[in-house]
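> Spelled out, the chains give:
There are 2 protein chains.
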Amino acid sequence: MEENTIFIGNKPVMNYVLAVVTQFNQYNTVTLRARGKAISRAVDTAEIVRNSFVQEAYVEDIQISTEEVENFNEEKTNVSIIEIKLGK
Amino acid sequence: MEENTIFIGNKPVMNYVLAVVTQFNQYNTVTLRARGKAISRAVDTAEIVRNSFVQEAYVEDIQISTEEVENFNEEKTNVSIIEIKLGK
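Residue numbers (the working numbering), protein chains in the order written: chain P, 2 to 89; chain V, 2 to 89.
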């Protein structure tokens, strides 16, 4: 995993927007990674950054995949992943 | 909007998986479109189709965008959109 990857979780979306804008001061690409229900928040983050905060940002690549995770009963279950790579 | 587009909403994910598999009998590409919280369900649908039901399916393209919608107070708010184009 590269340094300029931001993991999207359950915090308010503006926390992640701020993190992306901050990373863009240092890097020309920033990757957002989210799984499960946080996937829609990753898309929101990318769209808000692009439309309101970093005018020159664009979507360079979007990948989806699946990971196996263990739940609290130690049962294995699949969870979807999204990785949105933003460039500027 | 093309005929072979499936709108992902709040139904159980397997309903949409079945819809995609059915469309693949008729078309070589199927597009999944979702907005807001349903975005993660669209990714789940694509991943389940690809991993378990249509082995030759692959992600041809993923686009994200923003739409303005009116809520119940007639206030305008932005919602994120994802379109996942699957080919086989």
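Please keep in mind that the hints were generated in silico from the structure rather than gathered at the bench. These numbers were taken from a predicted model, which means no experiment stands behind them. For each residue, glycine too, the CB sits at the ideal point set by N, CA and C. Where hints are given, some of them may not hold.
[Unchecked claim] Label-pair restraints from in silico Cβ distances: (1) P:28 <-> V:23: 38 to 46 Å; (2) P:23 <-> V:54: 37 to 45 Å; (3) P:16 <-> V:66: 31 to 39 Å; (4) P:70 <-> V:73: 34 to 42 Å; (5) P:56 <-> V:69: 29 to 37 Å; (6) V:71 <-> P:71: 37 to 45 Å; (7) P:53 <-> V:6: 22 to 30 Å; (8) V:6 <-> P:8: 39 to 47 Å; (9) V:74 <-> P:77: 38 to 46 Å; (10) P:78 <-> V:6: 39 to 47 Å.
[As the list claims (entries may be wrong)] 30 Å max Cα-Cα, derived DSSO-like pairs, lysine-lysine: (11) V:12 <-> P:77; (12) V:77 <-> P:86; (13) P:38 <-> V:12; (14) V:86 <-> P:38; (15) P:38 <-> P:12; (16) V:77 <-> P:77; (17) V:12 <-> V:86; (18) V:38 <-> P:38; (19) V:38 <-> P:89; (20) P:86 <-> V:86; (21) P:89 <-> P:12; (22) P:86 <-> V:89; (23) V:38 <-> V:77; (24) P:12 <-> P:86; (25) V:77 <-> P:38; (26) P:89 <-> P:38; (27) V:12 <-> P:12; (28) V:77 <-> V:12; (29) P:38 <-> V:89; (30) V:89 <-> V:38; (31) P:89 <-> V:86; (32) V:12 <-> V:89; (33) P:38 <-> P:86; (34) P:38 <-> P:77; (35) P:12 <-> V:77; (36) V:89 <-> P:12; (37) P:89 <-> V:12; (38) V:38 <-> V:12; (39) P:12 <-> P:77; (40) V:38 <-> P:12.
> Hint by hint, say whether it matches the structure.
Status of each hint after checking the structure:
| no. | hint | result |
| --- | --- | --- |
| 1 | P:28 <-> V:23: 38 to 46 Å | 43 Å, holds |
| 2 | P:23 <-> V:54: 37 to 45 Å | 41 Å, holds |
| 3 | P:16 <-> V:66: 31 to 39 Å | 23 Å, violated |
| 4 | P:70 <-> V:73: 34 to 42 Å | 36 Å, holds |
| 5 | P:56 <-> V:69: 29 to 37 Å | 19 Å, violated |
| 6 | V:71 <-> P:71: 37 to 45 Å | 42 Å, holds |
| 7 | P:53 <-> V:6: 22 to 30 Å | 28 Å, holds |
| 8 | V:6 <-> P:8: 39 to 47 Å | 31 Å, violated |
| 9 | V:74 <-> P:77: 38 to 46 Å | 44 Å, holds |
| 10 | P:78 <-> V:6: 39 to 47 Å | 29 Å, violated |
| 11 | V:12 <-> P:77 | 23 Å, holds |
| 12 | V:77 <-> P:86 | 28 Å, holds |
| 13 | P:38 <-> V:12 | 15 Å, holds |
| 14 | V:86 <-> P:38 | 20 Å, holds |
| 15 | P:38 <-> P:12 | 12 Å, holds |
| 16 | V:77 <-> P:77 | 41 Å, violated |
| 17 | V:12 <-> V:86 | 20 Å, holds |
| 18 | V:38 <-> P:38 | 8 Å, holds |
| 19 | V:38 <-> P:89 | 27 Å, holds |
| 20 | P:86 <-> V:86 | 18 Å, holds |
| 21 | P:89 <-> P:12 | 25 Å, holds |
| 22 | P:86 <-> V:89 | 25 Å, holds |
| 23 | V:38 <-> V:77 | 17 Å, holds |
| 24 | P:12 <-> P:86 | 20 Å, holds |
| 25 | V:77 <-> P:38 | 24 Å, holds |
| 26 | P:89 <-> P:38 | 27 Å, holds |
| 27 | V:12 <-> P:12 | 26 Å, holds |
| 28 | V:77 <-> V:12 | 25 Å, holds |
| 29 | P:38 <-> V:89 | 27 Å, holds |
| 30 | V:89 <-> V:38 | 27 Å, holds |
| 31 | P:89 <-> V:86 | 25 Å, holds |
| 32 | V:12 <-> V:89 | 25 Å, holds |
| 33 | P:38 <-> P:86 | 19 Å, holds |
| 34 | P:38 <-> P:77 | 18 Å, holds |
| 35 | P:12 <-> V:77 | 23 Å, holds |
| 36 | V:89 <-> P:12 | 37 Å, violated |
| 37 | P:89 <-> V:12 | 37 Å, violated |
| 38 | V:38 <-> V:12 | 12 Å, holds |
| 39 | P:12 <-> P:77 | 25 Å, holds |
| 40 | V:38 <-> P:12 | 15 Å, holds |
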